[in-house]
Amino acid sequence: MRLPFLLLPFLVLLFLALPAAAQNNTLSGYVRAAATGEALIGATVAIPGAGTGTITNESGFYTLSLPAGSYTLKASYIGYNDFSSNISVTGNQTLNIVLEPASNELQVVEVEALTLRQKLNDTRMSVEKLTTKEAKLLPALFGEVDLIKTLQLKPGVQSGGEGSSGLYVRGGGPDQNLVLLDNALIYNPSHLFGFFSVFNSDAIKSVELYKGGFPAQFGGRLSSVVDVDMTSGNNERIQATGGLGLISSRLTLDGPIVKDKANFLISGRRTYVDVFTRQINRLSEDQPDYNPIPDYYFYDLNGKFNYKLGENDELTLSSYWGRDFFKFKDDDFKFGFDWGNSMASLNWRHKYNDRLYSNTSAGITSYRYTINNEIDIFSFSLSSDIEDYTLKTDFDLFLSGGHSLKFGGSATRHNFTIGRLNFDSEDNSQTFRAGSNLTATEFGAYIADDYQVNAQLSLNYGLRFSGFNNGKTYFALEPRLAAKYNLTENTSLKASYASMMQYVHLVANSGASLPTDIWYPSSDYVKPQRSQQVAAGISQLFGNGKFLFTNEVYYKWMERQIDFRDGANLFVNDDLEAEFLFGKGKSYGNEAYIEKIKGRTTGWIGYTLSWTYRKFDSENPGDVINDGRWFPTRYDRRHDLSIVLLHQLGKRINLTGAFTYGTGNAYSLPVARFAFQDVQGQRASVVPIYSERNGFRLAPNHRLDLGLVLKLNPKRGSSDLTFSVYNAYNRRNPYFVYFDQIEDEDSGQTLKFQAKQVSLFPIIPSVTYNFKF
Amino acid sequence: MKRSLSIYFFLPVFLLATACDLEQDIEVALPEHAPQLVVECYLQQGKTFKLAVTESASYFDDPELPLVPDAEAFITHNGRRIKLTYNPKIGENGTKYYTHSSTEIMQGKPGDIFGLEVFDKKGRKVTGFTKLLPTVSIEEVEWKFNDKEKAYLLTSFQDAPNVNNYYRYVTYIGKTSTKADRDFTLDDDLTDGKRTSIGSAYDYSRNDTIVVSLYHIEKQYYDFLGSVDDAKSANGNPFAQPSKIRSSVQGGIGIFTNLAYHRKTVIIK
Numbered sequence: 001m002r003l004p005f006l007l008l009p010f011l012v013l014l015f016l017a018l019p020a021a022a023q024n025n026t027l028s029g030y031v032r033a034a035a036t037g038e039a040l041i042g043a044t045v046a047i048p049g050a051g052t053g054t055i056t057n058e059s060g061f062y063t064l065s066l067p068a069g070s071y072t073l074k075a076s077y078i079g080y081n082d083f084s085s086n087i088s089v090t091g092n093q094t095l096n097i098v099l100e101p102a103s104n105e106l107q108v109v110e111v112e113a114l115t116l117r118q119k120l121n122d123t124r125m126s127v128e129k130l131t132t133k134e135a136k137l138l139p140a141l142f143g144e145v146d147l148i149k150t151l152q153l154k155p156g157v158q159s160g161g162e163g164s165s166g167l168y169v170r171g172g173g174p175d176q177n178l179v180l181l182d183n184a185l186i187y188n189p190s191h192l193f194g195f196f197s198v199f200n201s202d203a204i205k206s207v208e209l210y211k212g213g214f215p216a217q218f219g220g221r222l223s224s225v226v227d228v229d230m231t232s233g234n235n236e237r238i239q240a241t242g243g244l245g246l247i248s249s250r251l252t253l254d255g256p257i258v259k260d261k262a263n264f265l266i267s268g269r270r271t272y273v274d275v276f277t278r279q280i281n282r283l284s285e286d287q288p289d290y291n292p293i294p295d296y297y298f299y300d301l302n303g304k305f306n307y308k309l310g311e312n313d314e315l316t317l318s319s320y321w322g323r324d325f326f327k328f329k330d331d332d333f334k335f336g337f338d339w340g341n342s343m344a345s346l347n348w349r350h351k352y353n354d355r356l357y358s359n360t361s362a363g364i365t366s367y368r369y370t371i372n373n374e375i376d377i378f379s380f381s382l383s384s385d386i387e388d389y390t391l392k393t394d395f396d397l398f399l400s401g402g403h404s405l406k407f408g409g410s411a412t413r414h415n416f417t418i419g420r421l422n423f424d425s426e427d428n429s430q431t432f433r434a435g436s437n438l439t440a441t442e443f444g445a446y447i448a449d450d451y452q453v454n455a456q457l458s459l460n461y462g463l464r465f466s467g468f469n470n471g472k473t474y475f476a477l478e479p480r481l482a483a484k485y486n487l488t489e490n491t492s493l494k495a496s497y498a499s500m501m502q503y504v505h506l507v508a509n510s511g512a513s514l515p516t517d518i519w520y521p522s523s524d525y526v527k528p529q530r531s532q533q534v535a536a537g538i539s540q541l542f543g544n545g546k547f548l549f550t551n552e553v554y555y556k557w558m559e560r561q562i563d564f565r566d567g568a569n570l571f572v573n574d575d576l577e578a579e580f581l582f583g584k585g586k587s588y589g590n591e592a593y594i595e596k597i598k599g600r601t602t603g604w605i606g607y608t609l610s611w612t613y614r615k616f617d618s619e620n621p622g623d624v625i626n627d628g629r630w631f632p633t634r635y636d637r638r639h640d641l642s643i644v645l646l647h648q649l650g651k652r653i654n655l656t657g658a659f660t661y662g663t664g665n666a667y668s669l670p671v672a673r674f675a676f677q678d679v680q681g682q683r684a685s686v687v688p689i690y691s692e693r694n695g696f697r698l699a700p701n702h703r704l705d706l707g708l709v710l711k712l713n714p715k716r717g718s719s720d721l722t723f724s725v726y727n728a729y730n731r732r733n734p735y736f737v738y739f740d741q742i743e744d745e746d747s748g749q750t751l752k753f754q755a756k757q758v759s760l761f762p763i764i765p766s767v768t769y770n771f772k773f
Numbered sequence: 001m002k003r004s005l006s007i008y009f010f011l012p013v014f015l016l017a018t019a020c021d022l023e024q025d026i027e028v029a030l031p032e033h034a035p036q037l038v039v040e041c042y043l044q045q046g047k048t049f050k051l052a053v054t055e056s057a058s059y060f061d062d063p064e065l066p067l068v069p070d071a072e073a074f075i076t077h078n079g080r081r082i083k084l085t086y087n088p089k090i091g092e093n094g095t096k097y098y099t100h101s102s103t104e105i106m107q108g109k110p111g112d113i114f115g116l117e118v119f120d121k122k123g124r125k126v127t128g129f130t131k132l133l134p135t136v137s138i139e140e141v142e143w144k145f146n147d148k149e150k151a152y153l154l155t156s157f158q159d160a161p162n163v164n165n166y167y168r169y170v171t172y173i174g175k176t177s178t179k180a181d182r183d184f185t186l187d188d189d190l191t192d193g194k195r196t197s198i199g200s201a202y203d204y205s206r207n208d209t210i211v212v213s214l215y216h217i218e219k220q221y222y223d224f225l226g227s228v229d230d231a232k233s234a235n236g237n238p239f240a241q242p243s244k245i246r247s248s249v250q251g252g253i254g255i256f257t258n259l260a261y262h263r264k265t266v267i268i269k
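Top to bottom, those sequences are chains D and W. Going by the working numbering, the first sequence runs without a break in its numbering and finishes at 773. Going by the working numbering, the second sequence runs without a break in its numbering and finishes at 269.
It should be emphasised that the hints constitute simulated quantities derived from the structure, not laboratory data. Heads up, some of the hints might be wrong.
Just a few of them, taken from the derived set where beta-carbon distance is under 7 Å, the chain W residues facing chain D [unchecked claim]:
#	residue
1	23
2	244
3	250
4	251
5	253
Even for Gly, the Cβ is constructed at its ideal location relative to N, Cα and C.
Generate the whole structure from the sequences, applying the supplied hints.
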């Protein structure tokens, strides 16, 4: 019913374009970094005079379709000097480009306005890109640079709560984000309540976030693609990068193994709060009321190894290993809780000829948590995990006439262990087992054409065929469509449609990202989630190309969204499916964005106006939420504003500031209470009565973060001091609200009931020392 | 288990919040609340019929006990309708109050069904049913000391196979009128038909008198207790979802059930 309506904008654009199609030649080549030889992924290559341009693919390869003639070609990449060259196109030809690193690292965000023009001309819409170099200039909580959290400053992306690294993209949950690290899936990309993401900034080069208009090679999640790119090792010399921060330290080593042939990178990060808490425990051990502080720490290890087999083949091994540990021990009782992700992926890039490339990878990724409890002779353990084996291959085929085809397929074997419980005693008097193992296969195949119809119009259309088998088999076709039309030299119109399927589901009934959240496959009863999204936008360059204004509207509707029954037991339950509830969702909004990336002062302003709702209705009264009516999700945020400014004060000093404002989270509060005595009357208590789901609003969330990067001048290498002030005006942002019972201290008599708001982070200054040599 | 785990996450957050003075009083405007009847009635073999009828109140109303003097209450059994008269009083142990009672002694056998009707002059009406359950015997209460002279307690009972059973396990140190030492509900999803043991930590000292009670409870009572706990923990836990009260009665809030329990008293020697 809806499809013809959706296709209308594309048909109009196609009609506009038809008379202009002409015979073109192909200009192609690699873009590489001068110092390291590293392929630059996502670099911009453009012919401004012809109004055409592209970005490099995962191999750093680009291709442009041009009529014969003379042109000025420009190439750029954040952190590198621009490249400009006059070329004459007479037929299909190759041009490899080498970019020199920008001389002053603090100028990394100052790149030619060409990038803005490229954004204007890009067929893709709803994409946000961030590099670590940008993120490192911005203020951060506890000084911990976090690309994922920085993405929350972009329009259409909301955080779950104060300090959270969860991404809520256009009304989707954090479980609906496809988080990829070097093309391999990461299931739970956060540490400790989601306050920190698992991505160590030193090991990460950049991140791209797709909010809509998803290219056909991506599938398996409903709401976004978070494509994280790990840094590759230096090809020229061995170097060390690191930092000392308030709560963690980082160290990265990288360099060539065989010059211009093989290089490596290893990177680690570890928090050290536990070092101090252990010391405190040791000092107070002898005191009579000694109560040990539990141990908590996390670490991340990243590794990458590149090996060039020859001119046309390259192997890359990427890996990640991260764990969180929470431990508590006294004489009688031992409690241990650890959780984390691990990933290893081997990529083989092959060039068949100037027109055909492939990228094939085999990988394994897993997420697990384990809780161990020991009381004297009794031991109890609970664990869950998901482990995936994935094989995938992608092909890029550059055809004449402005067509670039991308096609490929993937297959994944999922192994789920759900709520594995073991209870034992040393004398074998008590043993107890529970839990279930499930396996499933997920697959996808796609083809997409990036078609530069003419100087004004480009299309990206594709189809993904996906499926899932877990005893029951599901298939789906997921059409994808994106179009761009240049109305004038400085104005472009864009539109997109994407249908997405999600076959594995996160079992979580809390607002935060808890380590005990587990993944569950689609089955006979649990059907796959589905979403469809349409978006339309306008981009306008102004101020002599210094500013880019983008406005996008979107509407997204989601089917078979998942929630859980009240009081559901999600920990140890051999019939977990019985706790699932299924509903639908919708989200719509408008995102406005102005950015400036040239000059001493750069930055952006993003404003989102949006609505997000869910509805769980059923004929069975036990299966409804909110009496079957629509209700806003916790992160339904009517207004969301972010202003980010970066100013280069001097050659060595950069000043940054980020202000954010968001409508308060929708929240459930009790409306009434009753007195409950229980059998004996000893448990007499006040019981809250809830009515509307998320019927209240917490106070608005706003704060200002300030940062200053001071570049030092060491004899060797480079270093800087990064100062951050989180929540500069010490705003008490609401984390949650509860109703307290105020009692008389002497009589214990209840005097009144009072609403209380709890905040998490006051003003937090921090300093980080970063070095590289 | 779910509750105790969330404490581990929540505790550091709460400590941080209180330590840094990050908690403040705020005003919340609540919508108008139409008070609902609240009933609490536990039938016990050989005891008189007693019932507490109150009303729910808007959260910030003054903390007083909202009695409903015009409420009429009846227990139905085998075609008989027994009237409970309004006569509020505090029970024998001084902590529990009743609003309605009769002098008739409750007599029934497992499988018998009793009904409850409560209505008032505002037209509110609450009804419910309960089916008497057989008691489940505590087979054994054992204990074992560690080298620090602290003992753990192990209570065992036999679960009946092929039926869904629900239990409430309560222990008291000393008299039953003090605060319960342990009090939780369990089902037999994972232990159907098996001899089931409930352990404890090393919490007990020599010569402690421990009263162990095993209630064999109805599913509706199990659900109600769970929803009460969930609702209470949702108020103040940012990670919890709000929970609706799953009453065993229709037309209001509350519980109407029967108490079938076996009790053992042991002295730790």
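Quick rundown of the hints versus the structure:
1. 23: This hint holds: residue 23 (chain W) lies near chain D, its Cβ roughly 5 Å from the closest one there, short of 7 Å.
2. 244: Interface hint status for residue 244 (chain W): holds (5 Å vs cutoff 7 Å).
3. 250: It is violated, given that the least Cβ distance between residue 250 (chain W) and chain D is near 12 Å, above 7 Å.
4. 251: violated, 14 Å
5. 253: Holds, about 6 Å.
Hint violations for this structure: numbers 3, 4, all remaining hints satisfied.
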